[in-house]
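Trainee: The sequence shown: position 353 = 353 (this note's numbering), numbered continuously.
In the EDC-like style, the derived pairs of lysine to aspartate or glutamate whose C-alpha atoms are separated by at most 20 Å in a straight line are:
no., residue 1, residue 2
1, 230, 392
2, 369, 215
3, 372, 213
4, 48, 25
5, 269, 445
6, 602, 460
7, 451, 273
8, 224, 190
9, 147, 216
10, 431, 283
11, 230, 172
12, 22, 83
13, 169, 95
14, 232, 105
15, 369, 394
16, 431, 325
17, 532, 438
18, 532, 325
19, 369, 216
20, 296, 324
21, 262, 252
22, 287, 394
23, 64, 12
24, 531, 445
25, 147, 238
26, 269, 454
27, 369, 338
28, 224, 238
29, 144, 216
30, 64, 38
31, 144, 233
32, 374, 348
33, 512, 544
34, 169, 41
35, 227, 216
36, 369, 348
37, 60, 38
38, 537, 568
Please keep in mind that the hints were generated in silico from the structure rather than gathered at the bench. Every value quoted in this text rests on a predicted model; they were computed, and no experiment measured them.
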Amino acid sequence: MCGIVGYIGPREAYPIIIEGLKRLEYRGYDSAGIALFDGTDLKVSKTKGKVVDLENRSEKEITKNGNVGIGHTRWATHGVPNDVNSHPHVSNSGELVIIHNGIIENYDSLKQELISRGYTFQSDTDTEVLINLIEDVKKQQNVKLGKAVQIALNQVIGAYAIAVFDKNKPEEVVVARLGSPLAIGIGENEDEFFIASDASPFLEYTKNAVYLEDEEMAVIRFHKGIKIRKIKDDSLVDTYVQKLQINLEQIEKGGFDHFMLKEIHEQPKAITDTYRGRLLRNEAIIKMAGVEDNMKKFLNANRIIIVACGTSWHAGLVAEYIFEDLARIPVEVEYASEFRYRNPVINENDVVIAISQSGETADTLAAIKLAKSKGAFVFGVCNVVGSSIARESDAGAYTHAGPEIGVASTKAFTTQITVLTLIALRLARAKGTISSSDFRQHLLELEMIPKKVEKALKSDANIKTIANVYKGVSNFLYLGRGYNFPVALEGALKLKEISYIHAEGYPAAEMKHGPIALIDENMPIVVIATKKGHYEKVVSNIQEIKSRKGKIIGIVTEGDTQVRALADHVIEVPETLESLSPLLTTIPLQLLSYHIAVMLDKNVDQPRNLAKSVTVE
Numbered sequence: 001m002c003g004i005v006g007y008i009g010p011r012e013a014y015p016i017i018i019e020g021l022k023r024l025e026y027r028g029y030d031s032a033g034i035a036l037f038d039g040t041d042l043k044v045s046k047t048k049g050k051v052v053d054l055e056n057r058s059e060k061e062i063t064k065n066g067n068v069g070i071g072h073t074r075w076a077t078h079g080v081p082n083d084v085n086s087h088p089h090v091s092n093s094g095e096l097v098i099i100h101n102g103i104i105e106n107y108d109s110l111k112q113e114l115i116s117r118g119y120t121f122q123s124d125t126d127t128e129v130l131i132n133l134i135e136d137v138k139k140q141q142n143v144k145l146g147k148a149v150q151i152a153l154n155q156v157i158g159a160y161a162i163a164v165f166d167k168n169k170p171e172e173v174v175v176a177r178l179g180s181p182l183a184i185g186i187g188e189n190e191d192e193f194f195i196a197s198d199a200s201p202f203l204e205y206t207k208n209a210v211y212l213e214d215e216e217m218a219v220i221r222f223h224k225g226i227k228i229r230k231i232k233d234d235s236l237v238d239t240y241v242q243k244l245q246i247n248l249e250q251i252e253k254g255g256f257d258h259f260m261l262k263e264i265h266e267q268p269k270a271i272t273d274t275y276r277g278r279l280l281r282n283e284a285i286i287k288m289a290g291v292e293d294n295m296k297k298f299l300n301a302n303r304i305i306i307v308a309c310g311t312s313w314h315a316g317l318v319a320e321y322i323f324e325d326l327a328r329i330p331v332e333v334e335y336a337s338e339f340r341y342r343n344p345v346i347n348e349n350d351v352v353i354a355i356s357q358s359g360e361t362a363d364t365l366a367a368i369k370l371a372k373s374k375g376a377f378v379f380g381v382c383n384v385v386g387s388s389i390a391r392e393s394d395a396g397a398y399t400h401a402g403p404e405i406g407v408a409s410t411k412a413f414t415t416q417i418t419v420l421t422l423i424a425l426r427l428a429r430a431k432g433t434i435s436s437s438d439f440r441q442h443l444l445e446l447e448m449i450p451k452k453v454e455k456a457l458k459s460d461a462n463i464k465t466i467a468n469v470y471k472g473v474s475n476f477l478y479l480g481r482g483y484n485f486p487v488a489l490e491g492a493l494k495l496k497e498i499s500y501i502h503a504e505g506y507p508a509a510e511m512k513h514g515p516i517a518l519i520d521e522n523m524p525i526v527v528i529a530t531k532k533g534h535y536e537k538v539v540s541n542i543q544e545i546k547s548r549k550g551k552i553i554g555i556v557t558e559g560d561t562q563v564r565a566l567a568d569h570v571i572e573v574p575e576t577l578e579s580l581s582p583l584l585t586t587i588p589l590q591l592l593s594y595h596i597a598v599m600l601d602k603n604v605d606q607p608r609n610l611a612k613s614v615t616v617e
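Sequences and hints are given; from them, build the entire structure.
Mentor: Following this line, the structure appears as structure tokens:
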């Protein structure tokens, strides 16, 4: 995944693009670059490294005047991260310049064809192939840039979001998308335009945005507006302008050292925002339009299939327990990346729930399209309004977590569980599989969760002390049972993602089926051992670990004495219902990962090799 920024209008483009790239650096940080038209010529500066490295290099390489420009921050797909492979890429003539997010799968055959026509290539990227293909079409067919882009993209196989301009016609920029997000910000007086992978780079200038759909392109002309067309058939598309609700303060760090820490501490508010207006405890009602309008689909479903990736997949595993336990509906949880390729059995009576923080996850989008082609009803759960999954789903629910900038998801996980819990409770009530008293008790406990998360966050100092003890280890094991088995998986993933320490999550009962061989005095084992659900069984697992000298970090219910007597360290969380316990037990695991990574001097918000949203395969 890469970040795209562009500007055309009366202001100087350079500062807008640089600041925009900084806000999009979570999308890719292998390299960065910028291209400006300074009134006489095209100026390009790019470098391996961060946006700050680009700033330093630009000081020496280019003049910063110009009212049109494009910028890019890269997460490498084709070609190693280096100066040459960095974007923007310029065509052989030096006239056309492009930035690109995505993968051109047939780039090699296109490249060989272009080489046979005399084109040469400096980089290893598919993007340089694309810009030269556009140039070749433009010259061979004697067409304008917009038409050349359209013809070229019809020869391309893959995914893309692109922005292109011609130094000989710098009053227009051409953009297009397929499988990768692209937003166009429209200035208040409609005399300037902003281009970005998401709205964050232009929020301080405008709240008016147009989101391109898949297989759409737009020609943006200074003083003349936007014209959107379908790439395949050239038909015109009406321009739909959305009013953005997000504000700039929401994407700043707010006094925290890292976005991840800020987002961990935002969870009480994020969970509240997610159930606000949906959970009406006094009336004993859950109101969710996407569920109510499609209640028959859910109640008549043979099964629910949940498709997701990464942290969202772990949220789906928690949901499997909730749906089957409360609503008595069979659930299967699938990795979207495998689901789309294994010829799954899907029918019209299946409900597919697709979960994605960004709403742009490529594998999950592909899984949705496959499910819809088989006649299944698709319900999306995502955080980003107007995202591709939100538009592609038949119905859905937003999580209202607010922007999540840190690459390692935290509040996305808890808000996804919150939405899925609300859905399960509503279906259970409709089916009569939960009593009135149990339903009211769940609503009461869910309403109390934000305060309990706040209390769990107060263990931060204790967790930091524990992190200091184990920051130098090479391996971790995480164990949980029932609802907290997925939390063990998520805790291990967090540690791997940001500290680069090897960690594995297991069902506690599976320990004797292999992982117990790893346990010795050097192995820390995080055991989720809350009072509700299989507590005595987990205590037995802890005794087995203790007898093999493993170091035990217990996540326990407040006031626990039994595990405390056995464990080397304990972290307390407030008591709640077993079905809601993942919303609390995940908090100390997030903080433990965070503190270990900080102590190891890792880049917590931008861990190596990872991107916030995987928008390409």
